[in-house]
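Student: Here the protein sequences line up with chains A and B, keeping their order. For any residue, its number in the working numbering is found by taking its place in the first sequence, counting from 1, and adding 43. For any residue, its number in the working numbering is found by taking its place in the second sequence, counting from 1, and adding 909.
For the record, the hints were derived by calculation from the structure and aren't laboratory data. Check before you lean on any hint, since a few could be wrong.
[To be verified] Pairwise CB distance ranges (calculated): (1) B:S1075 / A:L82: 19 to 25 Å; (2) B:G1133 / A:S167: 43 to 49 Å; (3) B:A1125 / A:L134: 56 to 62 Å; (4) A:S167 / B:I959: 17 to 23 Å; (5) B:S1075 / A:S167: 53 to 59 Å; (6) B:F1191 / A:E278: 17 to 23 Å; (7) B:F1218 / A:G192: 54 to 60 Å; (8) A:V314 / B:P1083: 37 to 43 Å; (9) B:M1211 / A:L76: 34 to 40 Å; (10) B:F1218 / A:Q320: 28 to 34 Å; (11) B:V1138 / A:G69: 16 to 22 Å.
Note that this is a predicted model, so its numbers are computed, not measured. Cβ atoms here follow ideal geometry from the backbone N, Cα and C, with glycine treated the same way.
Below, each chain spelled out in residue letters.
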Amino acid sequence: MTTTIKRTAAERVVVHRRKFDWSVAGRIVLLSLAAVLVLGPVLWTLSTSLRPPAESFQLPPSFLPLNPDFVSYGQVFKQLNIVGLVLNSALVTGLIAVGQMITAALAGYAFANLRFRGRNALFSIVLATMMVPAQVTIVPVFMLIRGVGLSDTLMALILPAIPTAFGTFLMRQYFLGLPADLAEAAAIDGASPWRTFRSVYAPLAMPGLSIVGILAFNFHWNEFFRPLIMTISEENFTLPLGLVSLQGNLGTGSISVVLAGVVLSMIPALVVFMFGQRALRDGLTAGTGK
Amino acid sequence: MSTASETRVRNKALRGNSTSGAGKPGRSGRERQPWLPWVFLAPTIVGMGIFTLLPIIASVALAFFRWDIISAPSFVGFDNFAEVVQDPTVRMSFLNTILFVVVAVALQLGLALGLAIMVQEKLPAWLRVFFRSAFFFPLILSAASVSIFMRYLFNEQFGVVNWLLSLVGIPAVPWLTTPGGSAAVVILVYVWQNFGFSFLLFIGGLASIPVETYEAASLDGATGWRKHVHVTLPLLSPTTLVASVMAIINALQVFDQPFVLTRGGPGDSTRTAVMVIFESAFQRLEFGQASAIGVILTLIIMAITAAQFRLSKRFVFYQ
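Make the full structure from the sequences, and use the hints.
Tutor: Here you go:
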């Protein structure tokens, strides 16, 4: 066991090539069924948003937008301040992502590469805070925000989300994975510790930082609980909150309009999915001993 | 090309590294600028102190006070806990949450494991990539948006789900107007969106099982599902532990789906623990009670996490 090279599950194919061909077909059928159940509702959403509002509740349902009709998209701009919602969401998400990348890079670097008294104890505390659900601390956070006069502002959403235990953990791991010689070489060249971080390590840590950024973007773009509590006036709503309130206002009236809003809100997530899927997967499973 | 002094620096650094364990040589930080690490740490430490640690302490303290923000808080001892434990809505919501966790997590893990095993076996490469991306996809969507379109899909009269059921002769199911139907929808929508996360973890776990074990099992005559029961499951148990801990902790905090799909109704049938925290704090302004419920929820989460790791010592098989 110890001397042979471990082969992965993907290479297992070779072993069963002749025997189980029928079972491959069966598996593809089952997997396809699961994929249809997963993607079907999303396709229906897209396709229904492209139906004329009057037809949106018509059965049979439409799963492929064969005759796209963009009336609902025009409507959603009229019935909902969607530009404002997008700007709010983009501002909140963008500032949180950048803030998390900066603070996590700094703290992660300190925990990985700098030596100071109480480093391990402090790192344990940082990790322990990940165990407490945000819903439990929301009441005191709300009062604090209210106390400093930030309630019903976008800052109420941004500031508390910037310090990140998970991002710090991720960046510490990343910096530990970079070669230590670089710090020595930089020190010998007379670089200050700050220079060493700024010009040597930070650029090398960009892949790790992009994972922190993408995770923050994905989480906060979709966030619903905190905006629901922290914002009161509609001009401070973020996208998910605006869409839920639109559905509430319209009841079941013209679903294609609501769905057009839903589709618009998915676009940035789709872009992340197409270009950052790998980083997102790595980030989500980081720290699970994968 | 290295000079004697360079070598000395490196040796010193290496020695420093080996004694400190996890760290790398950054001696300059300690010798010349002892305050430097704290500059790096300040934003995170100050931020977490203000927005996480302080609120945790405040939350526990607040659980012993009655406070509606308007009048001054008054100390009430364990009254909040006593009231909360006797409140039928709170009791119902905790019961709902526990039932939800049991069913949703079992479905999520079962589905994820089954699909992960199927995807990792012999399959054309492009199909494997397609299925992986498809199952991962719902994770990038917002739970609120998902709940919005799912509410239409499960509409009793016009929804696609009942239309599909009618094609096979099943009469319309009152999904969102009955307690059982609502609970089912919340569970299905939650699992639909979240099984992909457990699926990712299982894919990683399966990829690390050495193929020799399967060859040995085949030689011993194990085929098909027996191979998975006797080889895959025991070797995958560390992954299963992590996946189940994370799934349970996340499911205990469910809020977005029931809030958008059912608002907790009909009656209290789909009200969850986090929903009653939200309602008692931000709708009834009973911040003390909300904190008491939060403290109870946190204790449950910690107890379950501890229990799972204790159990794991007995059942998890580490290679």
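Student: All hints, please: hold or fail.
Tutor: Hint check:
1. B:S1075 / A:L82: 19 to 25 Å: holds, 22 Å
2. B:G1133 / A:S167: 43 to 49 Å: Roughly 46 Å apart at Cβ, these two residues keep to the hinted range, so it holds.
3. B:A1125 / A:L134: 56 to 62 Å: With Cβ atoms ~58 Å apart, the hint holds.
4. A:S167 / B:I959: 17 to 23 Å: The hint (17 to 23 Å, Cβ to Cβ) holds, given that S167 (chain A) and I959 (chain B) are roughly 19 Å apart.
5. B:S1075 / A:S167: 53 to 59 Å: holds, 57 Å
6. B:F1191 / A:E278: 17 to 23 Å: holds, 20 Å
7. B:F1218 / A:G192: 54 to 60 Å: violated, 43 Å
8. A:V314 / B:P1083: 37 to 43 Å: holds, 39 Å
9. B:M1211 / A:L76: 34 to 40 Å: This hint holds: roughly 39 Å between Cβ atoms.
10. B:F1218 / A:Q320: 28 to 34 Å: holds, 31 Å
11. B:V1138 / A:G69: 16 to 22 Å: Once the Cβ atoms are compared, 19 Å apart, the range 16 to 22 Å for G69 (chain A) and V1138 (chain B) holds.
Of the numbered hints stated above, the single one contradicted by the structure is hint 7.
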